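Chemist: Listed below, chain by chain, are the residues.
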Amino acid sequence: MTSTITVEHLWKVFGPKPERVVGTELASLPRAELRERTGCLAAVRDVSFAVEAGEVFVVMGLSGSGKSTLVRCLTRLIEPTSGEISIDGEAVRAMNARRLRDLRRHRVAMVFQHFGLLPHRSVLDNVGYGLEIQGIGRAERHRRAGEMLTLVGLDGHENQYPEQLSGGMQQRVGLARALAIDPALLLFDEPFSALDPLIRRDMQTEVRRLHAEVGKTLVFITHDLAEALTLGDRIAVLRDGELVQVGTPEDLVGAPADDYVADFVRDVPRSDVLTLRWIMRDPLAGETCEDQPLPATTVIRDAVPRILRAKLPVQVVEGDRVVGVVDADRLLPALISHHRQVPA
Amino acid sequence: MMRLRTVASAALILTLAACGGATSDAGESTPSAGAKGTVNLAVNPWVGYESDAAVVTYLLEKKLGYTVEKKELKEEISWQGFETGEVDAILENWGHADLKKTYIEQKKVAVEAGSTGNTGIIGWYVPQWMVDQYPDITDYKNLNKYASLFKTSESKGKGQLLGGDPSYVTNDVALINNLKLDYTVVFSGSEAAIIKAAQQAGAQKKPLLFYFYEPQWLFAQEKFVRIKLPPYTAGCDADPKKVACDYPDYDLDKIVSKKFADANSTAYQLIKNFKWTNDDQNLVSDYLTNQGMSADQAAEKWVNEHEATWKPWIPAGS
Amino acid sequence: MVAVAGETAPRRVTRRRVLWVLLVVAAVGAYLGFRTAGAADSDDAAAFRFFTGVRNWVDDNRDTSPLFLYGVNYLRLGVRLLVDAVQAGLYGLGFAGLVAAAGAVALVLAGWRTALVAVGGFLAFGFLGLWAESVDTLVLTVSAVLLAVLTGVPIGVLAARVNWVSATLRPVLDVMQIMPTFAYLAPMTLLFLIGEPAAVIATLIYAVPATIRITELGLREVSPTSVEAATALGSTGRQLLTKVRLPMARPTIVLAVNQTIMMALSMVVITALIDAPGLGQNIIRALERVNVGVAFDAGLAIVIMAVVLDRITTGAARRRPATRGRSRWVVAGGALVAVVVVALLPIGQDLPRLSFAGPVNDLTGWIELHWYDATEWIKNVVSAGLLDPLESVLTSTPWWLFVLLVAAFGTLVSGVRSAAVAALAAAGIAGLGLWQHAMQTLATVLVTIVLTMAVGIVLGVWSARHDWFAAGLRPVLDAAQTMPSFVYLLPAVALFGASRFTAIMAGFVYAFPPVVRLVDRGLRDVPATVVEAAVSAGSTPRQLLWKVQLPMARGGLLLAANQGIVLVLAMVVLGGLVGAGALGYDVVAGFSQREDFGQGLAAGFAIVLLGILLDRLTQGFHHAKGPR
Ligand SMILES: Nc1ncnc2c1ncn2[C@@H]1O[C@H](COP(=O)(O)OP(=O)(O)O)[C@@H](O)[C@H]1O
Ligand SMILES: [Mg+2]
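Residue numbers (full-length UniProt numbering), protein chains in the order written: chain E, 1 to 344; chain S, 1 to 318; chain Y, 1 to 628.
Hints were generated in silico from the structure; no laboratory data involved. Quick caveat: nothing in here was measured; it's all calculated off a predicted structure. Glycine residues also receive a C-beta, built at the ideal position from the N, C-alpha and C atoms. Possibly wrong hints are sitting among the right ones.
Calculated cross-link-like contacts (lysine to any residue; reagent style SDA-like; alpha-carbon spacing at most 20 Å) [stated by the list, open to error]:
| # | chain 1 | residue 1 | chain 2 | residue 2 |
| --- | --- | --- | --- | --- |
| 1 | S | K206 | Y | I367 |
| 2 | S | K70 | Y | L190 |
| 3 | Y | K243 | E | D102 |
| 4 | S | K205 | Y | L190 |
| 5 | S | K151 | Y | G365 |
| 6 | S | K242 | Y | A384 |
| 7 | Y | K243 | E | K17 |
| 8 | S | K205 | Y | I367 |
| 9 | S | K151 | Y | A384 |
| 10 | S | K101 | S | D239 |
| 11 | S | K151 | S | K206 |
| 12 | Y | K243 | E | E132 |
Label-pair restraints from in silico Cβ distances [claimed, not checked]:
| # | chain 1 | residue 1 | chain 2 | residue 2 | range |
| --- | --- | --- | --- | --- | --- |
| 13 | E | Q164 | Y | R15 | 51 to 59 Å |
| 14 | S | W129 | Y | W468 | 47 to 55 Å |
| 15 | E | K17 | Y | W57 | 55 to 63 Å |
Okay, chain E solo, but in the shape it has when bound (with noise of 0.2 Å):
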């Protein structure tokens, strides 16, 4: 099962008396003037969105940009100031606390930063913790608590302690613990920014391979770049609370919306993460090209072979559609340069 989500122009402004800041003049204001004048800091500002079933969803920015209040935002783990959110159509924030727990027990789960194991607990009862609160037998909860651990791939260690686990079996377990409610949406909080980058990878790879298993809609925080891009469908840009830019991997390093966004995807290898679309030119009146077009969702670094040899221009399509020629005059810029290209 999966899940969409849409938020609305959704604010949490911390500090005294938060309402007076949204849809006044004070909206306005920059984040350190605001808080130079009324001691409110505005943690997410007008943040709105959609996340379709089945997608990974990244929201990416620098530290204190408002990521983690934000994912908080989306089950009212921090009560959003203004703004509307909604999980499956359903309005989150209009539910009572029967209802919003019922979400947070069967619809949704999160994984943390830094895990919120329960250190008093065996594995097995932390990854049972979520099915234990809703009244399920201590059987049933071990069975099922056993088969995440396995699909984690921690089997054997289901009578240790937290403690006694490295940080990475220790990020297993909170994510066993999360999949274990069978949650059709999960969101993730920096959830391996703790981890050396080995085990990183390592982790990131066991998050593909389970959406691609369990296929469920994932919301994922990170400051990483390297990881927006390898686990994001789309990526959304945040500084100061605000929302820079939403789009594909493809988008931000093509089309940076802003010298932020720019500044964020500046070492990325281009011709690794664009297609030939964003180096393409229109041929000229009359060019002559090569034989075998390339189509235009190739990613430059596979064309590459292809267009150093040959002679001739290489025409774009799209279909049966040409859309453009591309040239070794076009490509080695993209290959050298990491200055910023418009899409011609």
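Use these hints to put chains S and Y with the ligands onto chain E, whose structure you have.
Modeler: Relative to the frame of chain E, chains S and Y with the ligands by itself:
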């Protein structure tokens, strides 16, 4: 020592809950009030009192067949005990006119039960060696001459009078003012501190002027000499601020709870008849402190050797 | 920009320094201008009469007012019920059974080493010939601790969750903890009668603040991430409490129980004054006979009991979760069976007697005889050189000037709010009509604190640097902290006379062990990486200590100072028993004389206010700079 009152008090709580309100003495073992049973004796914290209590307890238990519950209490709390019904008798009362007024006259929960025969002497003392060395020191008029001997770190440049056993209201400060003595009272705060200081003064040959009283077991160990203050005359201590005379001799007496007296049991009669001398008491105290006997052993030894003294206390026909 | 910022920081520091200098100069000037001879405190202040009035009201109404008929008296009956049940349980086991039970409890909670300590300790009660007294003391302690846990843990939980409860409780707990028991022991017996119930409730009042405070701390320290994770899974408030917060705070709560036990044991001797049975009686009786040796035996039994209970509870707190589980139930079951079997065996308690009374008396007698001249000299030097000048400055400062100075210096050190509270406390002391006495006591307390901190830090540093020293020191600290002070009070009087200095020594002995422990802990908690970095930069051990370890252990040191203050204040009353006079004597006299009750209680409050004053004044150091 073990008292299995759990069931009883549980039942009591239920009963009381049913009929409302628990008074302050609910649920405690009720005082004997005459029936052959338990006598609750307050035991105030000095050894002379313990000697009284040891002998009375021994006689009550061995000769009259009562059970005695000794309660180790300060004086003031013992008097409270008359009111709450937890104390039947106090065996050695030093004056305490204020408490008598409250509990005997106003609250009417206690009555006097006659003298113990002991005379309480309160006064200022110095160790014997000082008298040997400075024979005229025993007259208060000469105290100023020796004030510098008694200087200590606490006496602010004057001579020190070590006093301040808080159990007793003393006139020391007023005496020093009114007799124009170049001294200051240092409040020791406890009897034990005074005794220890007195023992050291003897052993180290250090000067010490201190407030003290007899009968007291310490006198069986070491000699101390009383300073002569202007003699006591009736009424000379009427205004506590203007006192300039010695302490009176106290006739130490017994106080019992009204209920206990009204029941007129043989226990009450024995306590009423109890009367002995300072020497008797000091002897038992000596057994207790210096010969390491328990209360029972000390009492037994004294009782065996002084039949003539205690025989008359036993009520006729018991 | 950078240049400007670079200039303002030092400028602010110098301005602060100038402010300090000005204030000190102003203070000295004002003192010289306004100092007074200081009229002696009257013994009939309005406050005294008020407290006496309250007492009389209670006295008159305790059999008619519904407050007593339905409240206090049932409370007493309930406590009586509890004491009797505990008593029946412990006595029912018999000598052998109780020894076995102590061992079994220690085995299940803390492992076999502790079990050996427990068995040895409980056997020792028999060898000392103090079996029945020890059990009586244990009964009182267990009852008071049970009540403290049953009431204190829920209140601590509430205080951790609701901030205003915590804020309201704070001054109440301060009063309960610092107010000397002597000050309310007499009326206590009016309400709860002579004997165990009053003793248990007096002990409860003294011990439960520790339960509440540490429980609150433990709950507040529960990792917020774990709570958040459990919330995200849909836990209800109750599930969060029972499945997350309480289990995670368990080690700290066990520590709270541990501290509660230690506090309760230190009350045992005093409650003997209202006929509470047990070892306290032996000590009080030995004191009447000025027999240190006999008091020592009973004191030793209390130390042993404290050590056994301490080892069991700290062991229980340290137990790792991994060692729990099914095998533990097997051990527990086996232990239970063993206890039952042993309890049923006809083993008597006819043990050979072992008493230290003789040797201890010989030793103290020898010391008293031969050290006197030296100790007398020390006392005179400290009194004339330190105590007298300080006392005369404090007592000759008019109270309003003192209040102003507290407000001014307090603002500099701890900020306006703390300074306001401190100044109010100072004014309150004046209002109680005990200004002179309070200032005399303050002088003694300050000297004691300085001495305690100086010795405590030196020993603490040594103990943190040398494990052999720490190991050797531990039993000394245990004994100093738990040996009832009544036991060593008399030799102290013999050596130092009835004087303020004796009080200082008694306060020092009582207060230095926790200071040493906290300093040791603070130094050992300095992260190894930081020490490593400093060493690799070529620091000498001395530089390491002064430039790295001590500054980084500031938190621990301040906590030590804070605890030192509280403990020294707790000893003020004891000082009243050995010639230090002032507030301590007022409290003692209030306990002994009905007429002085009002003054005694007022003096008790004055001690509390002194505590609040010192606490708020030093608090600033906590927040002002650096971590914690
Ligand atoms: N409970 C809170 N009260 C006040 N400010 C907060 C609170 N939580 C977060 N903030 C502030 O909101 C901003 C965004 O924080 P956060 O959402 O944690 O950022 P991120 O996860 O992107 O690092 C930060 O400036 C942070 O200091
Ligand atoms: Mg974050």
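Chemist: Now tell me if each hint is right for this structure.
Modeler: To see whether the hints hold, each was checked on the structure:
1. K206(S) with I367(Y): Judged against 20 Å, a Cα distance of about 16 Å means the pair holds.
2. K70(S) with L190(Y): OK: K70(S) and L190(Y) at ~19 Å, within 20 Å.
3. K243(Y) with D102(E): Since the Cα atoms of K243(Y) and D102(E) sit roughly 18 Å apart, the hinted pair holds (cutoff 20 Å).
4. K205(S) with L190(Y): 46 Å, violated
5. K151(S) with G365(Y): Not OK: K151(S) and G365(Y) at ~25 Å, beyond 20 Å, violated.
6. K242(S) with A384(Y): Since the Cα atoms of K242(S) and A384(Y) sit roughly 33 Å apart, the hinted pair is violated (cutoff 20 Å).
7. K243(Y) with K17(E): 34 Å, violated
8. K205(S) with I367(Y): Roughly 16 Å between the alpha carbons, so the hint for K205(S) and I367(Y) holds.
9. K151(S) with A384(Y): 13 Å, holds
10. K101(S) with D239(S): Since the Cα atoms of K101(S) and D239(S) sit roughly 18 Å apart, the hinted pair holds (cutoff 20 Å).
11. K151(S) with K206(S): 11 Å, holds
12. K243(Y) with E132(E): 10 Å, holds
13. Q164(E) with R15(Y): 51 to 59 Å: Cβ of Q164(E) to Cβ of R15(Y): about 54 Å, so the range 51 to 59 Å holds.
14. W129(S) with W468(Y): 47 to 55 Å: Once the Cβ atoms are compared, 49 Å apart, the range 47 to 55 Å for W468(Y) and W129(S) holds.
15. K17(E) with W57(Y): 55 to 63 Å: 47 Å Cβ-Cβ, so the 55 to 63 Å window is violated.
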